[in-house]
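Novice: Start counting the sequence shown at 1; every next residue gets the next number (the numbering used here).
Hint data in this document are derived by calculation from the structure and do not stem from the laboratory.
Heads up, a few of these hints could be off.
What follows is a list of derived Cβ distance ranges for each label pair [said to hold, decoys possible]:
#: 1; residue 1: Pro77; residue 2: Leu13; range: 19 to 29 Å
#: 2; residue 1: Pro77; residue 2: Glu36; range: 39 to 49 Å
#: 3; residue 1: Leu54; residue 2: Asp75; range: 21 to 31 Å
Yeah, the Cβ is synthetic: ideal placement off N, Cα and C, and Gly gets one too.
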Amino acid sequence: MQGIAAQLDASVLEIYGHAGSTENLAGICLTGGGGEFFRPAITKVFSDIPVQVLRDPLMVNARGFLFAGKSALADRPA
1 MQGIAAQLDA
11 SVLEIYGHAG
21 STENLAGICL
31 TGGGGEFFRP
41 AITKVFSDIP
51 VQVLRDPLMV
61 NARGFLFAGK
71 SALADRPA
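Just need the whole structure built from these sequences, with the hints factored in.
Specialist: Here it is, written out as structure tokens:
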């Protein structure tokens, strides 16, 4: 498990390196099946920003894709 934690830390540090400024970031919401796995690493790297795993994260993720798909279809000409 220690090796996985180190890989998660490295992944989050890479994301942090690309994020630029986080001063306008009020919070981080994690969805999908990996939210709980990433929470410790994200909380460590983004220590001054609240991190939350949403309730029923798989369904929240699916609803997000449904919303995005409906929006994309609504923008298409008939």
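Novice: Take the hints in turn and mark each one as holding or not.
Specialist: Right, here's what the structure says about each hint:
1. Pro77 <-> Leu13: 19 to 29 Å: 44 Å, violated
2. Pro77 <-> Glu36: 39 to 49 Å: For Pro77 and Glu36 the Cβ distance comes to about 42 Å; the hint holds.
3. Leu54 <-> Asp75: 21 to 31 Å: Since the Cβ atoms of Leu54 and Asp75 sit about 26 Å apart, the hinted range of 21 to 31 Å holds.
In summary, the one numbered hint that this structure violates is 1.
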